[in-house]
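There are 2 protein chains.
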Amino acid sequence: MSKNIPLVKDIGENGLISIIRAKVAGGVRLPVEIGDDAFVAGISKNYSLAVTTDILVENTHFRRDWSSPRDIGYKAIAVNISDLAAMGDCKPRYCLVGLALPGNTPVDFVKKLYTGMNESARKWNAKICGGDTVKSEKDIVISITLIGEIKNGAAITRGGAQVGDYIAVTGTFGDSAGGLFILKNKVKINAASRRYLLKKHCLPEPRLDASRRLAKTGTITGMIDSSDGLAASLRCIGEESCVGARIDLDRVPVSPHLRHLCRTGTPPLISTVLTGGEEYELVFTFPASAAAAVKKALPEATVIGTITAGREIKYYVKEQSYPLPSSEFRHFA
Amino acid sequence: MSKNIPLVKDIGENGLISIIRAKVAGGVRLPVEIGDDAFVAGISKNYSLAVTTDILVENTHFRRDWSSPRDIGYKAIAVNISDLAAMGDCKPRYCLVGLALPGNTPVDFVKKLYTGMNESARKWNAKICGGDTVKSEKDIVISITLIGEIKNGAAITRGGAQVGDYIAVTGTFGDSAGGLFILKNKVKINAASRRYLLKKHCLPEPRLDASRRLAKTGTITGMIDSSDGLAASLRCIGEESCVGARIDLDRVPVSPHLRHLCRTGTPPLISTVLTGGEEYELVFTFPASAAAAVKKALPEATVIGTITAGREIKYYVKEQSYPLPSSEFRHFA
Numbered sequence: 001m002s003k004n005i006p007l008v009k010d011i012g013e014n015g016l017i018s019i020i021r022a023k024v025a026g027g028v029r030l031p032v033e034i035g036d037d038a039f040v041a042g043i044s045k046n047y048s049l050a051v052t053t054d055i056l057v058e059n060t061h062f063r064r065d066w067s068s069p070r071d072i073g074y075k076a077i078a079v080n081i082s083d084l085a086a087m088g089d090c091k092p093r094y095c096l097v098g099l100a101l102p103g104n105t106p107v108d109f110v111k112k113l114y115t116g117m118n119e120s121a122r123k124w125n126a127k128i129c130g131g132d133t134v135k136s137e138k139d140i141v142i143s144i145t146l147i148g149e150i151k152n153g154a155a156i157t158r159g160g161a162q163v164g165d166y167i168a169v170t171g172t173f174g175d176s177a178g179g180l181f182i183l184k185n186k187v188k189i190n191a192a193s194r195r196y197l198l199k200k201h202c203l204p205e206p207r208l209d210a211s212r213r214l215a216k217t218g219t220i221t222g223m224i225d226s227s228d229g230l231a232a233s234l235r236c237i238g239e240e241s242c243v244g245a246r247i248d249l250d251r252v253p254v255s256p257h258l259r260h261l262c263r264t265g266t267p268p269l270i271s272t273v274l275t276g277g278e279e280y281e282l283v284f285t286f287p288a289s290a291a292a293a294v295k296k297a298l299p300e301a302t303v304i305g306t307i308t309a310g311r312e313i314k315y316y317v318k319e320q321s322y323p324l325p326s327s328e329f330r331h332f333a
Numbered sequence: 001m002s003k004n005i006p007l008v009k010d011i012g013e014n015g016l017i018s019i020i021r022a023k024v025a026g027g028v029r030l031p032v033e034i035g036d037d038a039f040v041a042g043i044s045k046n047y048s049l050a051v052t053t054d055i056l057v058e059n060t061h062f063r064r065d066w067s068s069p070r071d072i073g074y075k076a077i078a079v080n081i082s083d084l085a086a087m088g089d090c091k092p093r094y095c096l097v098g099l100a101l102p103g104n105t106p107v108d109f110v111k112k113l114y115t116g117m118n119e120s121a122r123k124w125n126a127k128i129c130g131g132d133t134v135k136s137e138k139d140i141v142i143s144i145t146l147i148g149e150i151k152n153g154a155a156i157t158r159g160g161a162q163v164g165d166y167i168a169v170t171g172t173f174g175d176s177a178g179g180l181f182i183l184k185n186k187v188k189i190n191a192a193s194r195r196y197l198l199k200k201h202c203l204p205e206p207r208l209d210a211s212r213r214l215a216k217t218g219t220i221t222g223m224i225d226s227s228d229g230l231a232a233s234l235r236c237i238g239e240e241s242c243v244g245a246r247i248d249l250d251r252v253p254v255s256p257h258l259r260h261l262c263r264t265g266t267p268p269l270i271s272t273v274l275t276g277g278e279e280y281e282l283v284f285t286f287p288a289s290a291a292a293a294v295k296k297a298l299p300e301a302t303v304i305g306t307i308t309a310g311r312e313i314k315y316y317v318k319e320q321s322y323p324l325p326s327s328e329f330r331h332f333a
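Top line first, the protein sequences correspond to chains Y and R.
The first sequence: position 8 = 8 (this note's numbering), numbered continuously.
The second sequence: position 170 = 170 (this note's numbering), numbered continuously.
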């Protein structure tokens, strides 16, 4: 606590979300409320809206000397598509863009930002339909709201994992954090790995198609994207489903490029893999009996552990328990 | 132009919106697209979504030394309700709140902000369902997205005014700008007027009910809220409807409190009335033949002029043409 007055940085994002949830509780109950990747609200006999919003702040979420305006725009939409993907078989439809800009922002930045946003939106069949542009004093702030359509009752939340379920993931972990490390530090690394890791950081691809294929199996009990890192995603599933997990670190997929970057121990491989944020893979659970169906739907998915009773997320290397590195990404810190 | 590189402040909000509209053009055509108070998109056989977003930046749109956190929250939702009201008989439903906060923001600020937002949302039957909280470096930024429901084909845009239509308004004009003037300057004014003008600035009431009553007449051809001031609203209707207007300044409603504030000529009454922003009245048009129906539906509305051919908005005092004061509010200036 700073001087007795509690500040946002003292309680962090989770503390804030608890306060906000309590404040807005009550009223009509929705199928999925505040605290998941998106909220879901019925709109017709067959369909619900799935809606998500993300705020991106210059120098916190992007830097103009690290990313082109087009890439910043592309990623801003992509990370919201990822939130919809985390809800299951969801069709992105409409997108709103709020922009706060200092007066000295070049017009060209805005044009190229929209080129990237438009490209990204169209790729996933969403349309930019509205927005707001205002003046800020210092920071460029990009606020994206994405509205998708999902069949009634089809939303997959973070809260449905059952003891005994398998935990699986798409893609590899730590690559985006590896890319960020390269941007922040002087690093000796081969050109292909540099290119690969930077692309994973600057131009992430949400797993909308993988999510659709998984949802169609009708067996997925819990799902989340890994935008705050793998460990945070697992903790969310654990908390919302009132369960624990056992993760076999040897099974967590890691790219050869990240191994190459981490070959000297800096950055450390395991904590990069577990706590690196801005990753947009899917982390999902399903009963053991559905393993064959899931494998058929998404052969490239990797099982990394199982849901356990109790409330702890435990990491293992072989049969050795491994303490979670404490460098976990924290907003407001 | 600043040093050959065009900046956002050189082209202003209208220039930006033109660029953005061109960038996102194409794809599925919606009933109401970017550039109106809200966009409207079909979702079922009977209903469409009306969606609007607003970004509020500390020190541009609100100041913590001028407004309580509760009032800031209340107004943040209210101004978005006003955008939905400007679309006609629209039911606010779901609300998303994006918050960018410096780490040193007191937790208490966030709590009270949500108290105000919640109060405001519930008053108009909307529910805060989701959002995002992130860290900013300096500015507090509040991004609100509001989703409403409107009958298919019922949206009233800025683009339907016809030559000969009457132009009418709700409420009085310039009060919010008067309140802002009091906050910015040492002003001698009686307590009742001070209270009234400050309230109009800090706690505006959107005209949702008036809009419903007007829409039910089925005669409203064009509508907009006056968030950027009366003159800007009239210019928008003119541009989007490809018409001009004749406004009788004597008929524009002015509160006795604003007259009292402006009694010495500072601030000047007419430019405060015409160009003062952050006002959330309705400006709307209808054929002369509907005058009786409109008067019955909304007795407190005031006719202030008529739509004319040509593209100019002309202001008159008696039969004397009056030049528009140039102090019009400009974003990014």
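Among the hints, erroneous ones may be present.
Identical copies look the same in the list; a pair holds intra-copy or inter-copy alike.
Pairs of lysine-lysine residues, derived as DSSO-like cross-links and limited to a Cα-Cα distance of at most 27 Å, are as follows [said to hold, decoys possible]:
#: 1; residue 1: 123; residue 2: 23
#: 2; residue 1: 23; residue 2: 112
#: 3; residue 1: 91; residue 2: 23
#: 4; residue 1: 216; residue 2: 111
Because the hints were derived from the structure by calculation, they are not lab data.
Please read these numbers as outputs of a predicted model, since none were measured by experiment.
Enumerate the violated hints, using their earlier numbering and listing them in ascending order. Checked against the structure, the only hint that fails is number 4, while the rest are satisfied.
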